[in-house]
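Student: All chains should be modelled from the sequences, with the hints used to inform the complete structure.
These are the residues of each chain, in order.
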Amino acid sequence: MNIWLKSVILSLALLAFGAARLPYEAGLSHELRNARLLPPHLEINTLDKIGQTSSAITLGGLRTLVATFLNLRAYTAFAEHRWPDLAKTFNLIVDLAPHTRYYWETGSWHLAYNAAGYYLHDSDLPPLRRRELWRSYILQGHAFLERAIRNNPDDWKLLSSLGFLLTDSNKIPAFHDTNACYAAAAEAYLKSAATGRTSGFEARARLYSLARVKGKEAESLALARSLYAAGPQNRTPTLVMLLLVLEAHENPSLDVAQRAIQLFKTPQKAYSSLSGHWQRTRDGFPVYGVSAGLLSLENSLGISKEKSVLTKPLPPPPSIDDWFHN
Amino acid sequence: MSATQPTPRGSHCGRTLVIATHTFTQLARMKVFYFLAIFAVIIIASNFLDWQQLQGPEAAGANALASIKSSSFGTMHLFSVVLSIVATALLLPKDVEDRTLYTILAKPVPRLDYLAGKLLGVLLLVFVSLALMDVLMTVVLQIRTSMIMEQQTELAQAAGYTPDAIASLRAETMANGPNASLQGAVLAVFLRSSIIASLALLISTFSTSTLFTTVISSLVYFIGHFQADARDFYLRIGQAGQGGFSRAVSLLVSLVLPDFQLFNVIDAVIEGQAMPMLILGKLALIAIYYALFFTLASWFIFSDKEF
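Quick note, the sequences are listed as chains A and B, same order. Numbering-wise, the numbering used here puts 294 at position 287 of the first sequence, and it's gapless, one number per residue. Numbering-wise, the numbering used here puts 1133 at position 3 of the second sequence, and it's gapless, one number per residue.
Simulated from the structure, these hints should not be mistaken for laboratory data. Hints are supplied without guarantee of correctness; some may be wrong.
Ranges of calculated distance between the beta carbons of each label pair, as one might list FRET restraints [to be verified]:
#1 B/I1367 / A/W330: 53 to 59 Å
#2 A/N41 / B/L1415: 15 to 21 Å
#3 B/D1359 / A/A26: 15 to 21 Å
Chain B is nowhere near these chain A residues, computed Cβ spacing over 12 Å in every case [to be verified]:
#4 S143
#5 A150
#6 Q269
#7 P274
#8 S282
#9 G309
#10 S311
#11 D329
From a predicted model like this one, the values you see are computed outputs, not experimental measurements. Ideal Cβ placement from N, Cα and C applies to all residues, glycine included.
Tutor: Written out as structure tokens, the structure reads:
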């Protein structure tokens, strides 16, 4: 057969074969994307940042391998305190492997904790500049975690990490609205616990966050009661104390000392627990009825005014001004 | 030559298998399996790409399993693609050079059987290599997963995790260890290789040199990862009711090139996602479709080629 005729027949067959498979491939591709088995398309910007060789490897179907090696690069940036490089590298890594929890968690942790901590303590920069960078890296770590959750909405650990960051007393001054932070943390912990794969801490942590949201006392009390009733594994000192203070908020005439003795078994333990809670100023927990309870217990236990926890100076609440004081 | 050939005896399958076995032996003698030693070094080295940067039972060893899988699959991927292209590109020129081709074609062997046998030989080699690498990866992964689970359980117990939470943690770690989806992903690597090998066979039937076949096949493989983008562009432009040159070009790319992006499901499996059997079946179907078409097209070109 003539070579030209053969070429024409082959070309037509190739096109016909292509036309026959096109709808099938389009449907399968759509199905795989919906099932999150195919990663989203890479932005041109991402490819530019990775570099030509890595882009070629990435486009050739080796995304996770490139992510693994970029993780090495990120570690070096961390070790050398090159924080902008670290942020850039982790952004690339998660573009390549958007469903690997480890990268999201490590990236947000480096940004919100290590980079922010570096500017809090180790930098020679002027205080105002340090303060600005400290805040900026906490917000970057927070944004990174929120992006992680948008990509992996069912991941309990990422939700839990977000809740942890938003309730960290060393980080919360970086956010403008503390109340909104606690509310967002409670929401994150709720979603995390709802996955049914958590250790039990997330359900209690939801209460710890919700109890600090102004106007949510009734909801918090209901939650505290249900957790307390769920079993002894939930009866941590913080949870029991929150149950007490929320009951005191609901019923201002409650005999806090008596209720504390009932919850903590002995007057001594009740006094010790109430004292500890009174001094946790950094955490911002509610203290409804705590001073009245302490006074009552001090009277019954014969604790003098000089030894009273109420007369001792309280630890100062977290303050950016103190941290970045010259 | 074909006009004077006597009627072939025996079955197509029998002849194809004989040629496939011979091709496999021929390629194995080229010391291809030495590559497994390099693979073993890579997989052992990837074990050390683990320095725990996060605290907590969940973070213990989390990066190690991902490193082992991504390094193993990266190596399998590169090896299978390179082997598929280069080995297939070598087949016809080597048989011509050794004059084996003349001996075979002088016998009552249909050319389709010859081509199918050659392709099957390459695929058998790729399959055996991938199977051996899979065994190595699975063994290392199994050992490491057990070690990590032990470590995580200890940490979780110390942190006061409930038995349910520990069971959930173990299940999460197991999902990142050796499992059926991972074996499915290895099969997907093989399916992708079978497409590229059959394509290289087609190119080699009209190419003038091994180098030409290798370069063109590699290019097609690389551009094949953009086929899905061209197809999406064509379909989207079509919906928008626009037309023109760009639409024609994107359609042409969609029709002519294979869609290799479909096989990137492997990345999702490396990240711990489960791959349903149905998806694997659909990928296998499309790979068979490509392999059959390219083999028949190769035969169409090769059927009356003079040597």
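Student: Could you tell me which of the hints above the structure violates, numbers in ascending order?
Tutor: none
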